[in-house]
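Trainee: Quick note, the sequences are listed as chains A and B, same order.
Just so we're aligned, residue 1 is where the first sequence starts under this note's numbering, counting upward by one.
Just so we're aligned, residue 1 is where the second sequence starts under this note's numbering, counting upward by one.
Be careful, since some hints might not be right.
Pairs of lysine to any residue residues, derived as SDA-like cross-links and limited to a Cα-Cα distance of at most 20 angstroms, are as follows [unchecked claim]:
no.	chain 1	residue 1	chain 2	residue 2
1	A	K97	B	A94
2	B	K97	A	S93
3	A	K97	B	K92
4	A	K92	B	R95
5	A	K97	B	S93
6	B	K97	A	R95
7	A	K97	B	R95
8	A	K212	A	V115
9	B	K92	A	Q139
10	A	K92	B	V36
11	B	K92	A	V36
No lab work stands behind these hints: they were computed from the structure.
There are 2 protein chains.
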Amino acid sequence: MSREPTSTVRLFVDRELTTGAAFELDKPQAHYLVNVMRLAVGSDLSLFNGRDGEWRATITSSSKGRVGLGLESCTREQDCGPDLWLVQAPIKSARMKTVIEKATELGVAAILPAVTQHTAVSGVNVDRLRATAIEAAEQCGRLSVPAVQNPKSLDQLIDTWPPHRCLVFCDETRAARPLIDAVREAVGQNDGGPWGLLIGPEGGFSGDEVDKLRRQPFVIPVKLGPRILRADTAAIAALSLWQAVAGDWRNGSD
Amino acid sequence: MSREPTSTVRLFVDRELTTGAAFELDKPQAHYLVNVMRLAVGSDLSLFNGRDGEWRATITSSSKGRVGLGLESCTREQDCGPDLWLVQAPIKSARMKTVIEKATELGVAAILPAVTQHTAVSGVNVDRLRATAIEAAEQCGRLSVPAVQNPKSLDQLIDTWPPHRCLVFCDETRAARPLIDAVREAVGQNDGGPWGLLIGPEGGFSGDEVDKLRRQPFVIPVKLGPRILRADTAAIAALSLWQAVAGDWRNGSD
Chain A
1 MSREPTSTVR LFVDRELTTG AAFELDKPQA HYLVNVMRLA VGSDLSLFNG
51 RDGEWRATIT SSSKGRVGLG LESCTREQDC GPDLWLVQAP IKSARMKTVI
101 EKATELGVAA ILPAVTQHTA VSGVNVDRLR ATAIEAAEQC GRLSVPAVQN
151 PKSLDQLIDT WPPHRCLVFC DETRAARPLI DAVREAVGQN DGGPWGLLIG
201 PEGGFSGDEV DKLRRQPFVI PVKLGPRILR ADTAAIAALS LWQAVAGDWR
251 NGSD
Chain B
1 MSREPTSTVR LFVDRELTTG AAFELDKPQA HYLVNVMRLA VGSDLSLFNG
51 RDGEWRATIT SSSKGRVGLG LESCTREQDC GPDLWLVQAP IKSARMKTVI
101 EKATELGVAA ILPAVTQHTA VSGVNVDRLR ATAIEAAEQC GRLSVPAVQN
151 PKSLDQLIDT WPPHRCLVFC DETRAARPLI DAVREAVGQN DGGPWGLLIG
201 PEGGFSGDEV DKLRRQPFVI PVKLGPRILR ADTAAIAALS LWQAVAGDWR
251 NGSD
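Whole structure, please, built from the sequences with the hints as guidance.
Mentor: What follows is the structure in structure tokens.
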């Protein structure tokens with residue numbers, strides 16, 4: 001919480017990271033290093049690509065907007081976080097951006113925009129959401145960037161859902177157990193297994209959608225307290241609770 | 001969650017709400033009802049004042065920007081949520097606004113801005129934060145608005161902290177137990193008692209601050225997983241976890 005994002009600059013690069021590797025950054029990242037972060041030849045930074053862990057690199061050249069890097073050593077082994085998907089009905093873009101940023105910090109593996117019957121937002125700018133996810137991953141110290149998938153209809157997602165992946169369904173419309181009770185019980189049967197978490201649009205799910213969801217054997221309906229939460233609040237709250245009882249927030253002091 | 005904020009307009013008014021009461025709204029609320037929500041004479045809405053429950057009211061007159069209301073009946077008795085304070089170091093205004101909105105939805109009783117040694121934000125617009133809290137309370141169905149206090153120094157807050165109020169301290173710098181474990185254990189000794197939750201600035205707490213906090217008998221240090229959370233994420237996550245193990249999210253299905 002509330003630590004300076006990191007004293008060392010961290011960048012996500014889609015390059016192979018290996019001992020002795022050297023390459024030039026693309027222009028936006030070169031601009032960021034030189035003009036925003038004011039780094040010069042000889043400065044260190046950290047790189048990750050989602051596969052090869054975290055590496056320390058040094059700026060070896062900087063001229064006319066081009067920045068060359070040389071890799072030094074691997075400073076953290078690649079880890080894999082919990083296999084948790086966030087299925088999120090699109091909401092207004094500022095709040096959707098909040099969800100992507102927070103979901104990345106909270107360790108989701110993938111974000112699946114799901115268009116529901118009451119979804120009021122017409123388009124999803126997936127490229128912009130991916131950029132948000134990269135930025136948040138760089139900031140929060142993750143070694144991977146969650147995949148932001150192209151939107152699908154909720155129907156299609158349900159019909160093709162992997163049957164062994166539990167789907168926690170935040171349902172404010174009908175009786176449901178508190179999230180931590182329901183998830184803790186399910187962890188007994190599915191610890192280490194794959195999970196998903198479904199958050200509706202501001203307009204809520206339709207009755208038909210709720211009926212269909214509740215008929216699926218992989219769906220676990222839950223509730224999040226007595227007040228009406230906005231969609232972005234519900235996403236952040238549910239992800240936090242899931243991490244605390246089923247994810248990587250469970251470990252003791254370290 | 002993610003339900004349409006409420007089909008009925010809800011307004012917070014600082015008026016006595018009682019059978020037969022009638023009054024005019026102030027201009028911004030009159031403007032909101034007539035020009036934004038397009039309500040006319042005869043329309044119903046809901047009112048709350050933080051003391052007298054929720055009341056159904058009817059628009060009895062509307063002319064030249066003035067709107068008169070007549071109270072019909074009390075539709076919900078006043079309740080009191082958990083006695084939880086959020087002590088939040090000021091952060092950039094958009095993120096501070098997010099914290100106030102989410103903390104209101106998540107049911108805090110009061111928000112106490114605490115200026116720490118690494119607080120980088122110079123001023124706090126308390127009036128604007130109060131307006132955010134009112135708007136969020138209207139939206140989420142609460143019957144009260146959390147008090148947003150004037151900023152104090154963290155030192156002053158610690159020195160005058162009520163000794164029987166547990167203070168959950170999200171400390172990323174040293175070993176600490178996961179929040180839900182530490183809070184659940186403390187609930188055994190303090191169930192129904194008053195609580196607080198402390199979130200630092202983006203720059204983190206200073207070593208001196210951490211030392212001082214950890215010396216206080218009322219402080220419970222906790223951690224929130226292995227990734228670095230932004231201050232606003234940490235606040236929302238910690239409030240959700242607290243509600244789930246010590247607050248009003250604990251109730252069974254309803």
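Trainee: Each hint should be assessed against the structure and marked as holding or not.
Mentor: Evaluated hints:
In summary, the hint linking K97 of chain A to A94 of chain B is supported, as the alpha carbons are separated by about 13 angstroms, within the 20 angstroms threshold. Among the hinted pairs, K97 of chain B with S93 of chain A is consistent with the structure: their alpha-carbon atoms are about 17 angstroms apart, no more than 20 angstroms. For a cut-off of 20 angstroms, the pair hint linking K97 of chain A to K92 of chain B stands: about 17 angstroms separates their Cα positions. Of the supplied pair hints, the one linking K92 of chain A and R95 of chain B holds, its CA atoms being roughly 17 angstroms apart against a limit of 20 angstroms.
A distance of roughly 17 angstroms separates the Cα atoms of K97 of chain A and S93 of chain B; the hinted pair therefore holds under the 20 angstroms criterion. At roughly 13 angstroms between alpha-carbon atoms, K97 of chain B and R95 of chain A fall within 20 angstroms of each other, so this suggested pair holds. Taking the CA atoms of K97 of chain A and R95 of chain B, the gap is near 13 angstroms; set against the 20 angstroms cutoff, the hint holds. At roughly 15 angstroms between alpha-carbon atoms, K212 of chain A and V115 of chain A fall within 20 angstroms of each other, so this suggested pair holds.
With a C-alpha separation of about 16 angstroms, the suggested pair K92 of chain B and Q139 of chain A falls inside the 20 angstroms cut-off, and the hint holds. A threshold of 20 angstroms between alpha carbons decides the hint, and for K92 of chain A with V36 of chain B the separation of about 19 angstroms falls inside it, so the pair holds. Using a Cα cut-off of 20 angstroms, the hinted pair K92 of chain B and V36 of chain A holds, with the two alpha carbons roughly 19 angstroms apart.
Going through the hint list in order, the structure satisfies each hint without exception.
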